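Visitor: Given next are the chains, with one letter for each unit.
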Amino acid sequence: MSGESDREGPSDYVFRVREQTRQHLRDLLSENEKLRRSTAALESERNRLLAEKMALQEKLLNLREEYDHFQREQMDLHRRLAETEEESRQFALQSLEIEQQNNNLANLYVAGYQLHGTLDHDEVVAAIKEIVINLIGCEEFGVYEMDEEGRALRLTGFLGIDPAIYATVPLGSGLIGRAAATGARYLLGEPPGIPAPREAHLTACIPLKLGETVLGALAIFRLLAHKHGLEPVDHELFDLLATHAATALYVSRLHRERVAASRLS
Amino acid sequence: MTQKKILLVDDSTTMIMMERVALSSGGYQLFAARDGEEALETARDQRPDLILLDVVMPKMDGFEVCRRLRAEGPTRNIPIIIVSTRGEEGNIEKGFDSGCTDYVLKPLNGVELLTRVRSLLGD
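In order, the protein sequence lines correspond to chains A and B. Numbering of the first sequence is given in my numbering, commencing with residue 1 and proceeding in unit increments. Numbering of the second sequence is given in my numbering, commencing with residue 1 and proceeding in unit increments.
Just so you know, the hints here were simulated from the structure itself, not pulled from any lab data. Model, not experiment: these values are computed from the prediction. Where hints are given, some of them may not hold.
Taking lysine-lysine and the DSS-like style, the derived pairs with C-alpha atoms no more than 25 Å apart in a straight line are [unchecked claim]:
no.	chain 1	residue 1	chain 2	residue 2
1	B	K94	B	K59
2	A	K129	A	K227
3	A	K227	B	K4
4	A	K34	A	K129
5	B	K4	A	K129
Using the sequences and the accompanying hints, generate a full structural model.
Guide: What follows is the structure, given as structure tokens:
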């Protein structure tokens, strides 16, 4: 070998070196080609990833929009639910109020029916008493009627008061007499006149009137212990009693006189 | 479905009428008794599903009626609501001691009464 190389001439050497150089160049070119392909593949992968990233970003954006939309929708649903609940609560309250009004009307109907269900004077007074006890809630009261001369009120029905003390009230005297004289209702807490000592516990005095003519009065003293004051329905009952009790008492008195007259004749 | 029966016991016709009106929307069959003795008799005959019982009545008061109803087999378990003007603690206690199921005060609130009746009858 060494003999051969020793024998290698300059041209052989140049040829060999050139060949080696060519081979090296080919290798370099091949490597370059590999690198170029690899770069292209990487570039393509990069582009693909970029595209994928953009697609994902777009998707994320869409999801965000969708999320915002659903959040708005959820808030809207919450708001509508709250509105519906409030509406339902209002309906329930209204329904209860209507039921209560129906009940009050029914009570007024019962009171009217009871007052006009008889011509007997004592039964009319008994009906007034039942209304005051059961509908107003009072067990201390007096039912007064005007005497023949129109000068005093006479007690014709009572509960829970001493009839000896409350038997007669001169017209214009004390809160009861004044209510009967003026025809104006007295209610506790409203600017009063001077109460007579026996009127210390008077809660209300309702003149019983036919038109402007006072035929009697209803004196309401202490309400039942568990009743803490007059309610709107009580005032409606007072309105009803003011006219209907007066009418019923008047008619029953006329009836009594007619019966007495027919007995005499 | 059979109509449920309610016995109304009160010596006041106004009260009976108010209770009738208050319970009218409940679709119940209503009976009335004007005193304690009549109440016991009607309860035995009609076997009501519920009794509304006044306290102050002629012949026998509501507490006594309640005690007797509780002492008799057929009426022992009938729910009884005492309806009274007496709102003092002692009276309410007396009512429950006599065996009542519930205690309602006058003046009567029809809406409240119907609610309590429905609740006791499981309507």
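Visitor: All hints, please: hold or fail.
Guide: Structure-based check of all given hints:
{"no.": "1", "hint": "B:K94 - B:K59", "result": "holds (19 Å)"}
{"no.": "2", "hint": "A:K129 - A:K227", "result": "holds (17 Å)"}
{"no.": "3", "hint": "A:K227 - B:K4", "result": "violated (32 Å)"}
{"no.": "4", "hint": "A:K34 - A:K129", "result": "violated (118 Å)"}
{"no.": "5", "hint": "B:K4 - A:K129", "result": "violated (32 Å)"}
Hint check: violations occur at hints 3, 4 and 5; the rest are consistent with the structure.
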